[in-house]
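First to last, the protein sequences are chains V and B. If you count by our numbering, then the first sequence holds residues 407 to 1059, one letter each, in order. If you count by our numbering, then the second sequence holds residues 407 to 1059, one letter each, in order.
The hints are simulated quantities; they were obtained by calculation from the structure and are not laboratory data. Hints are supplied without guarantee of correctness; some may be wrong.
Heads up, the list lumps identical chains together, so a pair's fine if it works in one copy or across two of them.
[Said to hold, decoys possible] Computed list of lysine-lysine pairs in DSS-like fashion (alpha-carbon distance at most 30 Å, straight line):
#1 Lys1009 / Lys1044
#2 Lys591 / Lys539
#3 Lys539 / Lys563
#4 Lys1039 / Lys744
#5 Lys1042 / Lys695
#6 Lys591 / Lys829
#7 Lys691 / Lys720
#8 Lys419 / Lys829
#9 Lys539 / Lys605
#10 Lys1009 / Lys563
#11 Lys676 / Lys452
#12 Lys1044 / Lys591
Number of protein chains: 2
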Amino acid sequence: MKGYTVRFLPHDKTITVDEGTTVLRAAMAAGVHINASCGGEGVCGKCRVLIETGAVEGGITEKLSRQDIEQGYRQACLSTIRGDLTVRIPVESVVDASILNMQSTPRRMAGIQEPDFNELKEQGLFLPPVEKKYLELPEPSHQDNLPDVSRLIGFLKLEHDEHRLVVSLPVIRKLPGILRQSGFKITATLARPVHPGRKTHIINVQPGDTTDRNYAIAIDIGTTTVYGQLIDLITGNVLAQFGDFNAQISYGEDVISRIMYAEKPGGLDKLHEVVIGTINGIIAKMLKKSGIDRDDVNAITLAGNTTMTQLMLKVDPRYIRRSPYVPASTIYPPIMAKSLDFELGDHVTALVYPQISSYVGGDIVSGVMGSGMYRTEELTLYLDIGTNAEIVIGNKDWLACAACSAGPAFEGGGITFGMRATKGAIEDFSIDPITLEPMNITIGNVRPKGICGSGLIIMVATLFEMGIIDNKGKFNRDLKTPRIRETEGIVEYVLAFAENTQIDRDIVLTEPDIDNLIRAKGAIYSGCMTLLEEVGLNVNDLQRIILAGGFGSYVDLAKAMVIGLLPEVNPDQVTYVGNGSLMGARMSSLTNRIRRDVVDVTKRMTNFELSETRSYMDNYVAALFLPHTDINKFPKLKARLESRGKSHREHLS
Amino acid sequence: MKGYTVRFLPHDKTITVDEGTTVLRAAMAAGVHINASCGGEGVCGKCRVLIETGAVEGGITEKLSRQDIEQGYRQACLSTIRGDLTVRIPVESVVDASILNMQSTPRRMAGIQEPDFNELKEQGLFLPPVEKKYLELPEPSHQDNLPDVSRLIGFLKLEHDEHRLVVSLPVIRKLPGILRQSGFKITATLARPVHPGRKTHIINVQPGDTTDRNYAIAIDIGTTTVYGQLIDLITGNVLAQFGDFNAQISYGEDVISRIMYAEKPGGLDKLHEVVIGTINGIIAKMLKKSGIDRDDVNAITLAGNTTMTQLMLKVDPRYIRRSPYVPASTIYPPIMAKSLDFELGDHVTALVYPQISSYVGGDIVSGVMGSGMYRTEELTLYLDIGTNAEIVIGNKDWLACAACSAGPAFEGGGITFGMRATKGAIEDFSIDPITLEPMNITIGNVRPKGICGSGLIIMVATLFEMGIIDNKGKFNRDLKTPRIRETEGIVEYVLAFAENTQIDRDIVLTEPDIDNLIRAKGAIYSGCMTLLEEVGLNVNDLQRIILAGGFGSYVDLAKAMVIGLLPEVNPDQVTYVGNGSLMGARMSSLTNRIRRDVVDVTKRMTNFELSETRSYMDNYVAALFLPHTDINKFPKLKARLESRGKSHREHLS
């Protein structure tokens, strides 16, 4: 995609964006505020900007006068960038650039970390779990009437130097027919031992030469969403991927309500059945899309949290939610996919990621494996943020982990207008330091319906940095704007008035919303700190932070550090692995090295029960401020607040 | 049981028999002829004997006059021995003892060989495949909330020094409930690795202490009959055994017709289903009889011929009956019993004995293992006689095997009045050298219905030794007796006239019957000789003969050597293992040593296709005589025939 340079005046900020970006989003990315209430749909008409040089596509609406249009005014939210631009933002009054620029920092997401198979290969870590071998066997005769299986094994030895082979009953059942149907020209599918020196299993035989067709499936079983990838085991490429809601949602939104449903008569069977149905649906869609034959799928790897894993395996999860929170097992043996009712060949083994504890599950272990954290020298913090946040700290020598209940704020739960990160969610925000008018950008550029987690972080951070809320999250009562008001005793900021929303109500951010976010981030931050303390380290020792989870990709790192969700580190040290669970499942599909290492890693991961850790509550209480009781833990923010607070106060005075 | 001494006059032969034996059977065992047509039922009245000293119970019938009874005459077949006796046999004329004694030799069956577990233990070969361990686990707490499986594994390590443990999904599923239901006092069932150093599988957990309940099932799947044993894995004892017809019989009597049925649509599934049904029935009866809980059965081992094995496993057997006779596999992996539809716990693995070729199956390998032949220094001939005879020659260093089609003569097939060894079958026979009157003894001491295989061998051997048939099996046409006659061109000997039978027809032995027997024994003998030649040995090198199969227990060894079925060896060298297949299955249930060795043994067993062996046909043709074309191969018989022939000729002249 082409990149164009956009210069914003009078701020004099320049940014390079992809062709097709709107001017509004470019401004947001550059840290330039433009009033915009309607999320980018074009109805509020507030985002009027002057295109001084260059040209945009669109942006002309009835909100602009003929004269405006002739002068070069456009609505920023509807103007698509097709070349280098200079854009001037009309400002209410002449203010100096320091005020203009205090309101927002350029967005800085974590760099995306993708698995690097070439690196794995170079390091000798690429050990394919399943391989195919083509054979042209001599036909039996009176002088040579070896049993079919002996013939197969003998020639695998002779022609492919394969040893220590074992054959499954299904292969024995189909071999005689396939040999004779194919003129004794067949392809054998070999499953390699995870531990060297163990036996290789001949898991399938197919007529003719099918050595170029060898696939695996990786599945992340989330409480809300299940994701799948279809992987080419020869190239390592993802050929198809698909996500779908976990059908268990009908039986309970969260882990606890699922467990309660599972305790009812027939409940466990039902939950098992429906999640298998979800997975089978995803498999079917991926196979259809890629045109791949089910018989060429040779492995499935699944990762999920402890409850999702137990439900998928039909293992009663009732003790997970009861003190002292005991899961059934950490490591699960390889299981025939058919026996779990997966619609895959009867030669396919399901590999299930091990768990650490009731609340640090296979999804986290998978992320640790997939991200390579367990192989690195660097002291790393792995953070998967959701309703429950899981924290892993360590490197190749040791690993410590813990889970903390953050509450659902990051997923929009407990927030008055909170919602998931779907169309209509305000995902980005800035505020005019003078007028306190908002700039809302929504997913899909439509009128807002609510606020998603990443948007919420940006809002609270921005309001705090601007001095509109204090370090307890309370609004400055002195500010005169209709957007800050008290309704039924609750102080709130109006993000969008009813007419600019999809829901015919004012969308607001309330003090209790902010409080919920503070408690959520406080739980996570104090979890990280407590875990660091338990292992005798502190924030400065961290060399790397890996973010995982659907949420992590949208988090503005600077803002996350402003609210004190993340410790203040160099953003270059932060990477994002996306769905770490799916990534690990994919990696395990591709190399036995990961399968082998995972058992050791699981044994090495020391679980800390935060609720049993004395200092956790102290750390938590100290973290219930923006960014923290002790601002000295966030020195850069402290410096910024001091300088901006000064100029802001000067301006307002 | 008490033993009594019975002395027969005028032969002056003495024998010791169990209390309750009839005088007729005692005479037969002593090699004393008493005329008896009716098999021992008392109706022919011919077996009149004089009890000179001692007393018998019964034996008084209307066939005897009052005077007879007062003098001490009794019917031998109805006289039960209750003390030491002297019995005088009335003889038609005064003949010298050499004539009296030429007609029969005392019966000499093979010594029964039973598995000797103490010997196994002494030799360090007793490695229990399944063991139970009782554990009292600490309950989880906040300070110790290990997953349930980790707790189990940890304490098995700590308290029982168990290492390298893996757990199956069914165990994981049931463990949490059982731990809490039993107050964390449980018994774990451990399946030991067959190869040392591999992993131990925790296959079951039970509440409380069940370490004294540990059982296994051994099954022999015969084409006609299926036998099972329920084995106590702690004591090695057989707690129950049961046999039943293989329900596949409804779909074909023999292996070939079963294969043909399996080739029909749905046929294989049906045959699989019904034999599993037979086995499940046997299991249910054994469990019921012994009062043992199904959950305490921890293993099942099955042996059968190649076709029976493939049908049981639902592996298409069509290529077994088609040249070049290729079975699907030799070795089968361990298979979950549930997946084969056995009604056993889902923790039970089915172990299936490996095959050597299409016609040397798991029943033979099982016999080789169970008999210990593969561990001995002695050069051994293992012979399982049925419709197909399987021959194994070798010792601990090497093994060679072959199958030959003997035809069904030994099971009564192709014999005019042939029948299986059930009630009413003539199982023993002698003939008066002067009058040519028979002495028939039937199974169950009832009037005869036919002739079973072991009876047939005795008849033909006796008739041959007496000179009544020649070495081609043809009757001496010069003998004057109504019992030798020609009917519709076929010469035959009347064993029992219609009035003394259960079938209202004369029961006869015809020349074609004898010819069938000669061909059957010729096939087996020549098979043994050809196999010996192929490995560069001869009969004199054999140090031991092991007979197996239902038939083997009843074979009179001396008679088998007379007809040339067995080579002429010292009877002490011959042992009988009964159902060798079942014996091996039982042994494999009891010790992993057998399970480990069987793979090597299977690889070591060289199969010879007799039909592809040039000398087989020559050996066969040479064996189509009684005992053989070359009488010098049977020197003892030759000497006997020469001496007796002389005196017989003198007597008859």
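Going down the list of hints, with the structure as the test:
1. Lys1009 / Lys1044: neither (41 Å within a copy, 78 Å between copies)
2. Lys591 / Lys539: within (11 Å within a copy, 50 Å between copies)
3. Lys539 / Lys563: within (11 Å within a copy, 41 Å between copies)
4. Lys1039 / Lys744: neither (53 Å within a copy, 61 Å between copies)
5. Lys1042 / Lys695: neither (49 Å within a copy, 83 Å between copies)
6. Lys591 / Lys829: Result: close neither inside a copy nor across copies, 54 Å intra and 55 Å inter.
7. Lys691 / Lys720: within (24 Å within a copy, 33 Å between copies)
8. Lys419 / Lys829: within (29 Å within a copy, 109 Å between copies)
9. Lys539 / Lys605: both (16 Å within a copy, 29 Å between copies)
10. Lys1009 / Lys563: between (36 Å within a copy, 15 Å between copies)
11. Lys676 / Lys452: Result: close neither inside a copy nor across copies, 52 Å intra and 78 Å inter.
12. Lys1044 / Lys591: neither (73 Å within a copy, 59 Å between copies)
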